[in-house]
Structure formats: structure tokens, C-alpha cells
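Engineer: Residue numbers (our numbering), protein chains in the order written: chain A, 1 to 209; chain B, 1 to 209.
Worth double-checking, as some hints may not be accurate.
No distinction is drawn between identical chains; accordingly, a pair holds when it is met within one copy or between any pair of copies.
[Said to hold, decoys possible] Calculated pairs, BS3-like style, for lysine-lysine (alpha carbon to alpha carbon, straight line, at most 27 angstroms):
hint, residue 1, residue 2
1, Lys-21, Lys-167
2, Lys-167, Lys-39
3, Lys-39, Lys-94
4, Lys-135, Lys-28
5, Lys-63, Lys-39
6, Lys-39, Lys-135
7, Lys-142, Lys-28
8, Lys-54, Lys-10
9, Lys-167, Lys-28
10, Lys-54, Lys-167
Just so you know, the hints here were simulated from the structure itself, not pulled from any lab data. A quick note: this is a predicted structure, and the numbers were derived from the prediction, not measured.
Protein chains: 2
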Amino acid sequence: MIKERTYPSKLLENAVNEFSKLPGIGSKTALRLVLHLLKQSNEEVNLFGNSIIKLKDEIIYCKSCHNISDTETCSICGNPSRDDSTICVVENIKDVMAIENTHQFNGKYHVLGGIISPIDGIGPSDLNIASLEQKIQAGNIKEVIFALSTTMEGDTTNFYIYKKLNKYPVEFSTIARGVSIGDEIEYIDEITLGRSIVNRMTFEMSLSR
Amino acid sequence: MIKERTYPSKLLENAVNEFSKLPGIGSKTALRLVLHLLKQSNEEVNLFGNSIIKLKDEIIYCKSCHNISDTETCSICGNPSRDDSTICVVENIKDVMAIENTHQFNGKYHVLGGIISPIDGIGPSDLNIASLEQKIQAGNIKEVIFALSTTMEGDTTNFYIYKKLNKYPVEFSTIARGVSIGDEIEYIDEITLGRSIVNRMTFEMSLSR
């Protein structure tokens, strides 16, 4: 109701303003979080504040796949038991974590750092596409799997990369699109349902999960 | 679904864990906030992290009312145009801010720092009650207004302080309880509605708002 709040302290106001800049955090929540931290010990508050400063200062992006890492080469790229002939192209770090959590992929990743989105001013040159091409040029890669969001932007990015790189003797694939496991047919959107009929898989394949 | 996440970096994991300790922030939200901060400039991340560290290090509690302050005496206690014969007793700093935002109170505050709550292990000795008594003993105070939550704990605290301090020649009052402005009668809980009939006010009083 009342937008302008009077804070009893500039320091408090400053901290609340900083927290309000976070996505999804309004000034009321920010105040609640700051007052919560204020109740903790000095040590804990220092740990909190420094954890993010240290992360920003010391974080490294893997020189091979651009994933977040503590070392020059990330633990996935540096793992000799992973198949380096298969590369999964993802938008960001969260997608690497999501796919890793499925325990279904044993290849390596390539993090684009975004997807082509003219509205947000992100073009192909803002993404890690050149380094993907270099990897393919160096040989050894057999398959590139696109695992981008199934949105207009994701599809555009898939198509752009495919057009640029399909001159190389590499197989391109994209993660299966269809009905989510556990979905009821009557509630599925028609585009997904329509495509899932057109792109139907053999019954034997469906049993492999 | 999957509880244990594998983070590609210890630094990232550490920052996410720190953010997850905040009330109402789960590990997914924490990751989102941390990755958001990671996209900001070094300067902005330093500002963010240091704002809370600086607040914790430098914050002062007003020696008179225990409100948060940048100076030894807070801006409310130090304001000569405010009536220091009326003291409004509140639980915490947020309540001071809420009442200040109404612009309806021109007296001073006394922040208890909590309310009596045996379940949470908070007894009278944990609250700033002794300093309230000293203020009253020093004379000059005419009225003490209780503005605590209308819960069992709030009522207990009101009653405890009242019993302890009613030997002094001071008037004790509590903020009006009744039907919120804008409420529809049929949806009001019966205790509030019942009390609002028993404790009805003159019609002239209701016009004063």
C-alpha cells in the first residue's frame, strides 16, 4: 500500500536495496532476509557475504566446455571415463546440472552461455559457437546432441548451429520431444500431442526407459 | 525429485548453501539467485556482499529505544519535536517501521526485541523490559501504549509488563482491536467480531479516522 518506507538506518536501507535487486525478491522479503541475517552471528554473516564475493572473484569457466569450474578444466571434461566423441550442447550451467542429475548421459558438454534471442539482444556472436566449431574441426567428435529449450529461441539456435556445422562429418541429434512421463493425454497441449503422434517411436524403444 | 545435486564447483555449492540458509529460500531459488549475481559485475557483487557485512559490523541499537540506528541515539529518539511522554511498546524494528508508515503516531518507541514465548525459550529476562522500567522511573512518561501482536504471546507479554509496571503513575493503553477497515462482516472471525461488539466505540470516534 505504502511504497516509500522510512528505514531507521542508512546501512539497513542500503542492505535492503541490495537484496531487492535480486530477481523475485521485493522490498518486504528483502527486509525480512536482512533482519534474519542481522540476528545471526558476525561469523555467519561474514560467511554469507564472502561466499558470493569469493565465488565471483575465483570462479573459472572450463576452457573446454565453458561450464562453471574450480579448475581450468572442469571435472566432467577432465574425466577420462567419459565419452568425448559425444557432445551435448546446452544453454547454461543449470542445464548441465539438470542433465547430470538424470545419470543418463556419459558424454561431454558444451555450454553456449545463452540462446539466440533478438528481443534480448543476444545474437550468435554472443554465444560459444566458435569454440564448438573448433572442437569439431579437431576431429574425434561423432555426435552433437542439441539439448536446448523447446522454444522458438531454442529451435532458432539449434537451426543456426546446425546450418553452420553440418558441413562436418558429424551426426546431429536433438533430445526426444514428446509427452512427459506421467502426463494424462487429455491435458497435453495439442502441438506436443500432435508431434508425438507424427514422431512416434517403436514400442520396443519406449520400453528401454 | 532428486534431492542431492551435483554442483560443478565447490565455490558455487558453498554460495548456494549459504543462500539456502535464508528463510523461505530453497536450494533451487538459491541457485537462481547465485547465478543471477554471478552475471553481475564484480563491483555489484562486492556491493551486495559487503552491504550485509557492513550492516552487521556497524549497526548500532539506539541506547534509548533499542531500535536499529546509525547513531547512538536513533533519529526518532533524537527528534525534539516528538512527544517523549508517550511511549509505544513494540516487539521489533519492523513494527516501528510499520507504525511510522501510518504517520499517526508522534511519540517515542520502546523495542522489546521479542515477545514472551515459552515454546521458543524466550522469557521476560530476554526482553528489554528493565530499561522500560528505568525510563518510567525517571518520570516524564504519561502513557505507555502496547502495540504487540494480538496473539496469545503478545497478550501474555502485555499482561506481564502491565503487572510489573502498573505501580507507577502512568496510563497504560493498547492499540484498538476490532474489525479491519475494508472487511466484510460475514467473513470476520467470530472472536474479533464478538469483541468488536462488546468493545464498541462511539460513532463520533469512528469518524475521526
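Engineer: So, for every hint listed, does it hold in this structure?
Structural biologist: Hint-by-hint comparison with the structure:
In this assembly of identical chains, Lys-21 and Lys-167 lie within 27 angstroms of each other by CA distance neither inside one copy nor across copies; the values are 45 angstroms within and 50 angstroms between. For the identical chains of this complex, Lys-167 and Lys-39 are neighbours neither inside a copy (61 angstroms) nor across copies (34 angstroms), given an alpha-carbon limit of 27 angstroms. In this homomeric assembly, Lys-39 and Lys-94 come within 27 angstroms of each other (Cα to Cα) only across copies, at 13 angstroms, whereas the closest approach inside a single copy is 32 angstroms. In this assembly of identical chains, Lys-135 and Lys-28 lie within 27 angstroms of each other by CA distance neither inside one copy nor across copies; the values are 48 angstroms within and 32 angstroms between.
Within a single copy, Lys-63 and Lys-39 get their C-alpha atoms only as close as 41 angstroms, which misses the 27 angstroms cut-off; across copies the closest is 18 angstroms, which meets it. In this assembly of identical chains, the alpha carbons of Lys-39 and Lys-135 lie at most 27 angstroms apart only when taken from different copies (26 angstroms versus 51 angstroms within one copy). Taking the shortest Cα distances, Lys-142 and Lys-28 never come within 27 angstroms of each other, neither inside one copy (52 angstroms) nor across copies (34 angstroms). Within a single copy, Lys-54 and Lys-10 get their C-alpha atoms as close as 26 angstroms, and across copies as close as 11 angstroms, so both meet the 27 angstroms cut-off.
Taking the closest pair of Cα atoms, Lys-167 and Lys-28 never come within 27 angstroms of each other, the shortest separation being 55 angstroms inside a single copy and 39 angstroms across copies. In this assembly of identical chains, the alpha carbons of Lys-54 and Lys-167 never lie at most 27 angstroms apart, being 43 angstroms within a copy and 56 angstroms across copies at closest.
In this structure, the hints that do not hold are numbers 1, 2, 4, 7, 9, 10, in rising order.
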